[in-house]
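Position chain G with the ligand relative to chain U; hints supplied.
Residue-level listing of the chains:
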Amino acid sequence: MDKFTKVTGVATPLMRQNVDTDLIIRIERLVDNVTRDGLGPYCFEQIRFKPDGSEDPDCIFNQEPYRGAPIILSRENFGCGSSREGAVWALKGMGIKTVIAPYFGDIFNNNCFQNGILPVPLPIEEIEQLADEMKASPGNARVTVDLENCTVVSPTGRTISFQIDARRQHAMLNGLDDIAQTMSRKGEIEAWQTGDKTARPWVWL
Amino acid sequence: MGKTLFDKIWDSHVITDLGSGFVLLHIDRLLLHDMSGGKALKEAIEKGYPPAQPRLTYGTPDHTMSTKPGRTEKTHPPGEPLILSMRETTKAYGIKLFDLGQDGQGIVHVMGPEQGLTLPGTTLVCGDSHTSTHGGMGALAFGIGSSELVHVIATQTMVQRKPKRLRASFEGALMPGVTAKDMILHLIGELGTAAGTGFSVEYAGSAVRALSVEARLTLCNLTIEMGARTGMVAPDDTTYEYLAGRDYAPKGAMWDRAVAHWRTLPTDPDAEFDREHSVDMKNVAPQITWGTSPEHVIAVDRAIPDPRTGPEEKRGAWEAALKYQGLEPGKPIEGTKVDWVFIGSCTNSRITDLRAAASIVRGRHKADHVTAWVVPGSVRIKAEAEAEGLDRVFLDAGFEWREPGCSMCLASNGERVPPGMRSVSTSNRNFVGRQGPGARTHLASPAMAAAAAIKGAIADVRKIG
Ligand code: SF4
Numbered sequence: 001m002d003k004f005t006k007v008t009g010v011a012t013p014l015m016r017q018n019v020d021t022d023l024i025i026r027i028e029r030l031v032d033n034v035t036r037d038g039l040g041p042y043c044f045e046q047i048r049f050k051p052d053g054s055e056d057p058d059c060i061f062n063q064e065p066y067r068g069a070p071i072i073l074s075r076e077n078f079g080c081g082s083s084r085e086g087a088v089w090a091l092k093g094m095g096i097k098t099v100i101a102p103y104f105g106d107i108f109n110n111n112c113f114q115n116g117i118l119p120v121p122l123p124i125e126e127i128e129q130l131a132d133e134m135k136a137s138p139g140n141a142r143v144t145v146d147l148e149n150c151t152v153v154s155p156t157g158r159t160i161s162f163q164i165d166a167r168r169q170h171a172m173l174n175g176l177d178d179i180a181q182t183m184s185r186k187g188e189i190e191a192w193q194t195g196d197k198t199a200r201p202w203v204w205l
Numbered sequence: 206m207g208k209t210l211f212d213k214i215w216d217s218h219v220i221t222d223l224g225s226g227f228v229l230l231h232i233d234r235l236l237l238h239d240m241s242g243g244k245a246l247k248e249a250i251e252k253g254y255p256p257a258q259p260r261l262t263y264g265t266p267d268h269t270m271s272t273k274p275g276r277t278e279k280t281h282p283p284g285e286p287l288i289l290s291m292r293e294t295t296k297a298y299g300i301k302l303f304d305l306g307q308d309g310q311g312i313v314h315v316m317g318p319e320q321g322l323t324l325p326g327t328t329l330v331c332g333d334s335h336t337s338t339h340g341g342m343g344a345l346a347f348g349i350g351s352s353e354l355v356h357v358i359a360t361q362t363m364v365q366r367k368p369k370r371l372r373a374s375f376e377g378a379l380m381p382g383v384t385a386k387d388m389i390l391h392l393i394g395e396l397g398t399a400a401g402t403g404f405s406v407e408y409a410g411s412a413v414r415a416l417s418v419e420a421r422l423t424l425c426n427l428t429i430e431m432g433a434r435t436g437m438v439a440p441d442d443t444t445y446e447y448l449a450g451r452d453y454a455p456k457g458a459m460w461d462r463a464v465a466h467w468r469t470l471p472t473d474p475d476a477e478f479d480r481e482h483s484v485d486m487k488n489v490a491p492q493i494t495w496g497t498s499p500e501h502v503i504a505v506d507r508a509i510p511d512p513r514t515g516p517e518e519k520r521g522a523w524e525a526a527l528k529y530q531g532l533e534p535g536k537p538i539e540g541t542k543v544d545w546v547f548i549g550s551c552t553n554s555r556i557t558d559l560r561a562a563a564s565i566v567r568g569r570h571k572a573d574h575v576t577a578w579v580v581p582g583s584v585r586i587k588a589e590a591e592a593e594g595l596d597r598v599f600l601d602a603g604f605e606w607r608e609p610g611c612s613m614c615l616a617s618n619g620e621r622v623p624p625g626m627r628s629v630s631t632s633n634r635n636f637v638g639r640q641g642p643g644a645r646t647h648l649a650s651p652a653m654a655a656a657a658a659i660k661g662a663i664a665d666v667r668k669i670g
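If you read the protein sequences in the order shown, they are chains U and G. Just so we're aligned, residue 1 is where the first sequence starts under the numbering used here, counting upward by one. Just so we're aligned, residue 206 is where the second sequence starts under the numbering used here, counting upward by one.
The set of hints was computed from the structure by calculation and includes no laboratory data. From the three backbone atoms N, C-alpha and C, an ideal C-beta is built for every residue, glycine too. Do not rely on the hints blindly, as some may be mistaken.
[Stated by the list, open to error] Okay, derived cross-link-like pairs now, PhoX-like style, lysine-lysine, Cα gap no bigger than 25 angstroms in a straight line:
id	chain 1	residue 1	chain 2	residue 2
1	G	K528	G	K542
2	U	K186	G	K247
3	G	K536	G	K668
4	U	K97	U	K135
5	G	K208	U	K197
6	U	K197	U	K186
7	U	K6	U	K135
8	G	K247	U	K92
9	G	K279	G	K252
10	U	K97	U	K3
11	U	K197	G	K456
12	G	K208	U	K186
13	G	K213	U	K186
14	U	K92	G	K528
15	G	K208	G	K369
16	U	K186	G	K252
17	U	K3	G	K247
18	G	K528	U	K50
19	G	K252	U	K3
20	G	K213	U	K197
21	U	K92	U	K3
22	G	K301	U	K135
23	G	K252	U	K197
24	G	K668	G	K571
[To be verified] Examples of chain G residues lying across from chain U (beta carbon under 8 angstroms, computed):
id	residue
25	G224
26	V228
27	T269
28	L527
[Claimed, not checked] A partial selection of chain U residues facing chain G, derived with a Cβ cut-off under 8 angstroms:
id	residue
29	D32
30	Q46
31	N77
32	G105
33	N110
34	N111
35	M183
36	I189
37	K197
38	P201
39	L205
Next comes chain G alone, as it looks inside the complex:
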């Protein structure tokens, strides 16, 4: 019987079978960020384990610093010790750090693919649940906790149990206004936030094949929001075109050898999955979340759901979510007044995302009562956008154009949506308090977020055009 993409990568990285379903898995790439990188390196060293493979380890600060123009690590003082500790520990062990103010710095899940560090067929881990993002390149990537991180630093391996396999196939052409973000939100809406627990996910189908690498990264980014640690898209010519010539990608004859190997990775036609789910793209419209879980999502032209008519076991959660969000069931979600707009995060801060948002904003101005931020995913993306004049488009429309980082995705850097305020955000979590205590978050695509900023309310991007 044939093998899946996931099985091919997993099986080839098993160093040894440990029994009762566990294996020792080799890790090809370890990425570090400021929230846990410095601390984990220190802990490993204190336990007597210096980094096993510093040349397979790369870091960049993203979580804890300000994204204010002209920022340094001092702009948000609580984050400074974390950044300094990361700087010190990576330097001591010769680990490459894309540091603040340097070329290459960015959100860790933007940096990996951009540098060509994330390669098809590799295993990659990072102390962050959205590490699934890198699966968009055909890598087996997953988020880990701090203790597991210390284990990888010390041994370049992980003790893991093989998950089951789920294939989500998206068939057909994308309807107007629909992006990868809408595809994955729609899927989470159909399956729920727990469907992927214990599974690895492969995204397939004609709609996925047609996506750019950036869009595939967005798709894989939200995998953890349906409970699965890892999600992936098989590598193809789109992947190789994106990767060719990037700083850490193989070059010359080595490139040819690598591509030949990568071409053997896609799932065999007769391979089997434990679960299959398919989505007809005709049914996927621009999405927006209404509640406090990514599964609380609807098409933008729909009414806010009524807990009384929803599934019984979700009634309590829906009621609590509507109360927190300050929404009335049965009313259209479109037209709900918005106070903040955040375009950024490892989900949607890449150049294609900024272009999509700019195409809505160009020649228009944000609504007066809205505060709108654009936070590019990396120093390189920022420079590329500026070369295309996108910064002017946003600035002229009254948006703020900021420095790369996680920013308002998680509010660990002093950048928060104030209590009770409503935000449309391109990030990945609408949990209670995620963007700041009392903040009300609606997740959407960059174009939908841009449309909300212009209208001052949740808006249907298809009506703006």
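Just chain U, same shape as in the assembly:
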């Protein structure tokens, strides 16, 4: 897993509710054998590009200073819908390191942690204020997300704390591999399975 410690940069206010993973990446792009790393150009294509394939200048991702920004600010339920992990790969391909929203789709949230992207939950009022501060001084405004201290620092220097599970924080700071961690418990897994084969033999085909 990729490490995440701290990021400082422009935060794009994509202030919508229910940004679903179909919007983040179209399913065809995941069929077309594009690699995990090659999805960036297709991220949010339905809003970044017009039907004729040209950039839509009204889309915030195409406007300065937000082009290539590493942080997204959003409203409730970011990443809801389909389980496609391609949504996280596409965000990563577009250079996104962290998304700040009141809360996230459950599966998307888990997928982020598997790929070194940090989903940061903050109250909507805080996010609205971050968006306002970004817009107030476009060009100079920067947001910092610090996983070690679990804080977000706003463009005007306000420090806001966020909550994250200790286990996930530790794994992300150190880039730990989930499978290797679980494999170290092989003995416990096998013992459970042996017991279950006696208790529920019909499950074991």
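Leaving out everything else, chain G with the ligand in the frame of chain U:
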């Protein structure tokens, strides 16, 4: 204090407590499909982890191939490498694949229950958010991402945190024209698409008890559309009748032992939920979505909502949805002209769904300007429907009768609703572009979809009868 159905299954699958709220959970069934199955197996193998329990792992292609009559994996070339890779990797590790052209192939969430692979009291995962469907059998089932999928292949376990519990109780008899699809759409309309985030859902109440297993699968299918990863219905005699004799279900003395165990699973009377919600079935009419989120739903005899009178925080989203859908607020939704009708998907492609649609279509013909497709959920359902003559009913009415697959539910197989066209679909997502770029989707039950095809417009199934 008593335990819920969810807690009983969860607790009995905890291998060890990992601290800070996480546990290592055993996974009894892993289902694979073509979008991610082959890739995930390859990735696990490349990382040095061959499948831990190939005999608890089953696969079938559904997402990426054409459903055109006579199709093969070559009919939609972009999907072919995914299907070939799945074929190759499952064969190499002895994983059973219900392959294209074979008995048993179908949409993965249709295949599991149909084969008797999905059992009450088991944990089941699949790399697809609608895995919640299997909860209709009393299984604890949820969708996972690709990295989690590799983890399950490698270890047969998952690192998970226990969600909270929500019970949705539906009480009373179903009114005319109302199905499980209408029940769940109505619930999502009341609670919103985010109400279930962080929760597991149990569906209960007299109306749920009265549903067939197929209808319970439909109910659980849309659980993810209110944000919850898992939704379930307690197993009962209806479940056991459905399951008895299925290919992978236990048999003989083992069956009796299993049923005795399953009877201990339902929620204890004194068990507590973190949230309770109840729905009086008197208030549930046939539903249709108007917008671009499953929570944008109304009874078919209602007017299209006006953002100016809606909740303030939703105003922007409602306006954008109406613009995308090309609808005018305040007008009745009934009578809105429809171009496409899609009857299929893991929500509504089972035999009972096809019968319900056929009962509306029989002796009638689709409207001339409508393209109408019926895509059965599996090879077996297709055969069963044909034995009952349902294919003739649809074909005679001008519908297309196709091969099993996901088809127009998500447009990853070349099967799309053209831009700007309006479709009534029995699937589960009306997101922007879900059925193809620019496509306008209205979700409804199979009978409502059939009625729309006949009338050429959104129609109230109760008026057709
Ligand atoms: S039918 Fe649709 S929702 Fe169901 S598994 Fe296929 S693509 Fe997913």
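Status of the hints after comparison with the structure:
{"no.": "1", "hint": "K528(G) <-> K542(G)", "in the structure": "holds, 16 angstroms"}
{"no.": "2", "hint": "K186(U) <-> K247(G)", "in the structure": "holds, 22 angstroms"}
{"no.": "3", "hint": "K536(G) <-> K668(G)", "in the structure": "holds, 19 angstroms"}
{"no.": "4", "hint": "K97(U) <-> K135(U)", "in the structure": "holds, 20 angstroms"}
{"no.": "5", "hint": "K208(G) <-> K197(U)", "in the structure": "holds, 24 angstroms"}
{"no.": "6", "hint": "K197(U) <-> K186(U)", "in the structure": "holds, 16 angstroms"}
{"no.": "7", "hint": "K6(U) <-> K135(U)", "in the structure": "holds, 22 angstroms"}
{"no.": "8", "hint": "K247(G) <-> K92(U)", "in the structure": "holds, 22 angstroms"}
{"no.": "9", "hint": "K279(G) <-> K252(G)", "in the structure": "violated, 30 angstroms"}
{"no.": "10", "hint": "K97(U) <-> K3(U)", "in the structure": "holds, 11 angstroms"}
{"no.": "11", "hint": "K197(U) <-> K456(G)", "in the structure": "holds, 16 angstroms"}
{"no.": "12", "hint": "K208(G) <-> K186(U)", "in the structure": "violated, 29 angstroms"}
{"no.": "13", "hint": "K213(G) <-> K186(U)", "in the structure": "holds, 24 angstroms"}
{"no.": "14", "hint": "K92(U) <-> K528(G)", "in the structure": "violated, 30 angstroms"}
{"no.": "15", "hint": "K208(G) <-> K369(G)", "in the structure": "holds, 13 angstroms"}
{"no.": "16", "hint": "K186(U) <-> K252(G)", "in the structure": "holds, 17 angstroms"}
{"no.": "17", "hint": "K3(U) <-> K247(G)", "in the structure": "holds, 24 angstroms"}
{"no.": "18", "hint": "K528(G) <-> K50(U)", "in the structure": "holds, 16 angstroms"}
{"no.": "19", "hint": "K252(G) <-> K3(U)", "in the structure": "holds, 19 angstroms"}
{"no.": "20", "hint": "K213(G) <-> K197(U)", "in the structure": "holds, 18 angstroms"}
{"no.": "21", "hint": "K92(U) <-> K3(U)", "in the structure": "holds, 13 angstroms"}
{"no.": "22", "hint": "K301(G) <-> K135(U)", "in the structure": "violated, 55 angstroms"}
{"no.": "23", "hint": "K252(G) <-> K197(U)", "in the structure": "violated, 28 angstroms"}
{"no.": "24", "hint": "K668(G) <-> K571(G)", "in the structure": "holds, 16 angstroms"}
{"no.": "25", "hint": "G224", "in the structure": "holds, 6 angstroms"}
{"no.": "26", "hint": "V228", "in the structure": "violated, 11 angstroms"}
{"no.": "27", "hint": "T269", "in the structure": "holds, 5 angstroms"}
{"no.": "28", "hint": "L527", "in the structure": "violated, 15 angstroms"}
{"no.": "29", "hint": "D32", "in the structure": "holds, 6 angstroms"}
{"no.": "30", "hint": "Q46", "in the structure": "holds, 5 angstroms"}
{"no.": "31", "hint": "N77", "in the structure": "holds, 4 angstroms"}
{"no.": "32", "hint": "G105", "in the structure": "holds, 7 angstroms"}
{"no.": "33", "hint": "N110", "in the structure": "holds, 6 angstroms"}
{"no.": "34", "hint": "N111", "in the structure": "holds, 4 angstroms"}
{"no.": "35", "hint": "M183", "in the structure": "holds, 7 angstroms"}
{"no.": "36", "hint": "I189", "in the structure": "holds, 6 angstroms"}
{"no.": "37", "hint": "K197", "in the structure": "violated, 11 angstroms"}
{"no.": "38", "hint": "P201", "in the structure": "holds, 7 angstroms"}
{"no.": "39", "hint": "L205", "in the structure": "holds, 5 angstroms"}
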